[in-house]
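**Student:** Sequence order for the protein chains is A and B. Counting in the working numbering, the first sequence runs from 1 upward without gaps. Counting in the working numbering, the second sequence runs from 1 upward without gaps.
A couple of the hints might just be wrong.
For the chain B half of the interface with chain A, some residues (derived, Cβ under 10 angstroms), not all of them [to be verified]:
# : residue
1 : Ile17
2 : Leu43
3 : Glu44
4 : Glu50
Everything labelled a hint here was simulated from the structure, so no lab data went into it. The model shown is predicted, which means the values in this text are computed figures rather than measured ones. Ideal Cβ placement from N, Cα and C applies to all residues, glycine included.
Each chain, written out:
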Amino acid sequence: MSSNVIEARQLDFEQIKEIIPQRFPFLMLDRVVDIEPGVYVVGIKNLTGNEWFYQGHFPGKAITPGAMISEAIAQTGIIFFHTARPTLRDVTYLLASFRVRFLSPVWPGDQMRIKVVPIRLMQGSGILSAEVSVDGRQVVKGQFGLIAKPNREL
Amino acid sequence: MKTVNLDQEIRELIADIIEMPAEKIEPDAKLVEDLGMDSMMALEILATLEKKFKIKLPEEDLPKITTLNKTIELTKKYVK
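Please take these sequences and the hints and turn them into a complete structure.
**Tutor:** Structure representation (structure tokens):
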């Protein structure tokens, strides 16, 4: 990874893929639009009607699955951790806890804006707060825990 | 802050995180071995204590969250 990725305040799709291991059909982040390392990360995910999960969720009534919104939150959390802890490398991030409220449905055509800020950050783990909004309206809020597990321990 | 209230608040806070009825937490029961707490729950307890009592607990204190009594003892060190 090049150091400019760490120092950047924004990340494009290719730079995101340098940091997070998820790939299609599980990559739920298109761009990171603002980073203040250790303070916050804001990512966006554009949802098109062509997303694979709308085929089954639900036939004839496409609604974004909460599980996929949760995945977008977790991936933004990985970016947060990666930028907040630049010495932490060769790790796999595991979601350890997840307490969120889904306030409104998210539809095809929506752009999710996912903001993650720390509640309590330790060296290899943290409790993070997440807020997802669409057009300035909050649709999901809550908190989650991530653990950075060294790959040699997995 | 009254001690009884603080003790009860910590008991309820831990109960909520480890998902167990507050009255079933014995003061000296081991949170990991006896009550199934994992490391992320311990971190959640620490973060919630900080928020609720407006205190700052150092990272080194995380391993001291081993029982309800030890957690109360730790919190009292920092609550004015």
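**Student:** Against each hint, give a clear statement of whether it holds in the structure.
**Tutor:** Status of each hint after checking the structure:
no.: 1; hint: Ile17; in the structure: 9 angstroms, holds
no.: 2; hint: Leu43; in the structure: 6 angstroms, holds
no.: 3; hint: Glu44; in the structure: 6 angstroms, holds
no.: 4; hint: Glu50; in the structure: 7 angstroms, holds
Violated hints: none; the structure is consistent with every hint.
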